[in-house]
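Engineer: Listed below, chain by chain, are the residues.
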Amino acid sequence: MRPLDKVRITLLVVAAILTLVSIYLAVLYAPTHTTMGDVQRIFYFHVSSAWVAYMGFGLTFVTSLLYMKTKDLKWDVYAYSSAQIGVVFCTLAITTGPMWAKAVWGVYWRWEDLKLMMTLVLWLVFIAYLVLRANVQSRRKKANLSAVFSIIGLICIPLSFAANRLWSQYHPTVIATEEGSLQASMGFSFGIALLAFTILFIYILLTKIEIETMRETVEELKQKVGGRHG
Amino acid sequence: MADEVLVAKDIVKSFGRVRVLRDVSLTVRKGERYVLFGSNGAGKTTLVKILSTLIAPDSGELLLFGGHIEEREMDVRARIGFLSHSPFLNGDLSAWENLDFYAQLYSVEGRKARVKAMLKKVGLYHRAYDRVATFSSGMKQRLGLARAILHDPDLIFLDEPFSGLDIRAQDMLNGLIVQLSEEGKTFFSITHDPAKGFEVATRAAVLSGGKIAYESEADDIEAFSERYKGILEEERL
Amino acid sequence: MSAVKAIFLKELRVEVRNVQAISSYLLLTVLILATFRFAFAATDPPMDQIAAPILWITIFFCGMFSLTPTYKREVENETLDGLLLAPISRSSIFFGKLLATLVVIFGMEFFAIFLFFGFFPVEVPDLLALFALVAIGTFGFVALSNLISAISANTSLGAIILFVLMIPILLFSVVMSAVGGTARIFAGDGIGEVVDELRLLTAFAVIFFATGYLLIEYVLGD
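So the sequence lines, in the order shown, correspond to chains A, B and C. Each step along the first sequence adds one to the number in numbering that gives the first Met the number 0, with nothing skipped, and position 5 is 4. Each step along the second sequence adds one to the number in numbering that gives the first Met the number 0, with nothing skipped, and position 161 is 160. Each step along the third sequence adds one to the number in numbering that gives the first Met the number 0, with nothing skipped, and position 162 is 161.
Read the hints as simulated data drawn from the structure, not as lab findings. Warning: the hint list may mix true and false statements.
To be verified - Not everything, but these chain C residues come out facing chain A in the computed CB check (under 10 Å): (1) Ile147; (2) Ser155; (3) Ile160; (4) Val163.
Stated by the list, open to error - So the derived label-pair ranges between C-beta atoms look like this: (5) B/Gly40 x A/Glu209: 28 to 38 Å; (6) B/Met73 x A/Val224: 27 to 37 Å; (7) B/Asn173 x C/Phe113: 50 to 60 Å; (8) C/Gly157 x A/Pro157: 27 to 37 Å; (9) A/Met98 x C/Phe109: 43 to 53 Å; (10) A/Met98 x C/Phe105: 42 to 52 Å; (11) C/Phe113 x B/Arg130: 28 to 38 Å; (12) C/Ser88 x B/Arg28: 28 to 38 Å; (13) A/Ile16 x C/Ser88: 55 to 65 Å; (14) B/Gly137 x C/Gly106: 52 to 62 Å.
For each residue, glycine too, the CB sits at the ideal point set by N, CA and C.
Whole structure, please, built from the sequences with the hints as guidance.
Structural biologist: Right, here's the structure in full:
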């Protein structure tokens, strides 16, 4: 067994245990929220999914920059893998969000909330990123174009955020109670959920990179067997 | 030393993980008409794109006019002409407008006179104001040659220039190549067709398996054709 | 500089020669506005609330259609290598094309705004503010579309890919500020009250110009 496999299996075991623990903590251990009720328990997974999505997109941005600097296709594989995971977890975040929102706000979606808008835009940008990759033939072009696209996709986000004067902030701050003090048990449950999701993210990322690398090796072998292609 | 127009050393290029060029080294001297043969997919087009600075090799060294391209890329590009099977012409523009556009890109001096002279040279002056889209493929290719030599380049790359041309147009192109080479221009040409390519070659080589498999003076077409056939046979196995 | 000018003039010439293309963009403008007019005739909402989004949606969609072939035609005519071989920088190709498309889009917008007031007669006390907002919004929009047009020219999908790549980025940048500002102008605000939107649009334009200038090398090169 290679060292990387050992790391992966360890990560998988840890992620599985932590996920089970965090389900227990979120559903049974943490107290019911005083104003929002039981539905608030979605929060532990909703925020963790969003966190993994942002992490995935952020990593795509960084690895795209690294690719452009080094022209090493390894970074492109990283960027692609983490974008894919980001899209999956972003989908989770924007589907769990409305369930909670309906109970608390009375509506599924608030079109004036900056965080909601930003997450939706990121989701669309990275779906477009995957569409772009699926439609470029040349390997090198695929890497170049998608790196450029992920950079322009993310570069306006800070500016849009800075411009939030135009929109108002409705997003709930959950951990703080009405008096503003932090509820320790909620904080602890949230911390474990976040950790579980983060480790799960790293595990999936490593596996995904491994699969993508294998896929490219298979392509290479196919080309060799099938004859030469200029 | 001074007459080495193009020197390539250990050029390597991969697409993804497919290594197209393994280790290509070659030298082209001033006034030579170097013709590189190879089967489809041997990497000829990739090589000519690398040599003409269109794409960068993964590793290896390329000297054009005695210097590395990174140092003075614009100077080097200004001294290179390129004619491929596609003539790089805009169909919506007239022959004159096309040449005039490229003359501007290459900052050609005395633009009007030069464009006029080039159109006359390739026998298209009478069609100067017609849209290129209305031209036959032979006329487009002739205009393409005019475009390639418009800025008076010292080194001219030809990428399968004969494909899609009838015999008359091919002979005319060959005539122009010989004439220009006598004026001191250097040619680097790639083709898969030994009969047509050999006609104008002064030096011939075969690209196979990502390497220069064979190179010789182009004085004996029979011997070279035998050798080329042999290499193609080997590839098939 | 002479390369930018040469490419600019060549692009304009090619655009003008494609009379069918230009007339189809103008027809599309008419049809989009007519669609909105008919759709809203059924519900008859207050004009000043729907006018700003309608104006910008028309501009965005007609703009994207007309910008699709900017780089695609270089790939289809196989003229891109001709440009790349010339002793000019990649960014001069970008700026040459950018300036030409700006002229085309401004022309189309002039027509669209004229037509828009025919279909949706809103009162605009400060016409200068409207023109300033449209002009600055267009700079950012066109700079972004040029870069995306260069990216999408390399794909196997047709016109649709430009929309897929363009809209998500546009949403959070140009769309909100441009529509927000325009709505306030239609509601009677002057140029002084939309300074924030103008600033934001200017910032987006600067960002898209800069990213285009810096990244076009990676898009066009190998």
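Engineer: Could you tell me whether the CB distance from C/Phe113 to B/Arg130 stays inside 28 to 38 Å?
Structural biologist: For C/Phe113 and B/Arg130 the Cβ distance comes to about 32 Å; the hint holds.
Engineer: Is the hinted range of 42 to 52 Å satisfied by the C-beta distance from A/Met98 to C/Phe105?
Structural biologist: holds (47 Å)
Engineer: Classify the hint on C/Ile147 as holds or violated, based on whether any CB of chain A lies nearer than 10 Å to its CB.
Structural biologist: holds (8 Å)
Engineer: The hint says 43 to 53 Å between A/Met98 and C/Phe109; measuring C-beta to C-beta, is that right?
Structural biologist: holds (48 Å)
Engineer: Does C/Ile160 pass the interface check with chain A, least Cβ-Cβ distance below 10 Å?
Structural biologist: It holds, given that the least Cβ distance between C/Ile160 and chain A is near 6 Å, below 10 Å.
Engineer: Just tell me: holds or violated, for the beta carbon distance of B/Asn173 and C/Phe113 against 50 to 60 Å?
Structural biologist: Given a distance of about 58 Å, which is inside 50 to 60 Å, the answer is holds.
Engineer: Take the C-beta atom of B/Met73 and the C-beta atom of A/Val224, compute their distance, and say whether it sits inside 27 to 37 Å.
Structural biologist: violated (43 Å)
Engineer: Hey, does the C/Val163 contact hint survive, CB to chain A under 10 Å?
Structural biologist: holds (5 Å)
Engineer: So the hint says 28 to 38 Å: do the beta-carbon atoms of B/Gly40 and A/Glu209 match that?
Structural biologist: holds (31 Å)
Engineer: Between the beta carbons of A/Ile16 and C/Ser88, is the distance compatible with 55 to 65 Å?
Structural biologist: Holds: the Cβ-Cβ distance is about 56 Å, inside 55 to 65 Å.
Engineer: With 10 Å as the cut and Cβ atoms as the points, is C/Ser155 at the interface with chain A?
Structural biologist: Status holds, d = 5 Å.
Engineer: Do the Cβ positions of B/Gly137 and C/Gly106 conform to the proposed distance bound of 52 to 62 Å?
Structural biologist: violated (38 Å)
Figure legend: structure checked against the earlier numbered hints; hints not met, in rising order: 6, 14.
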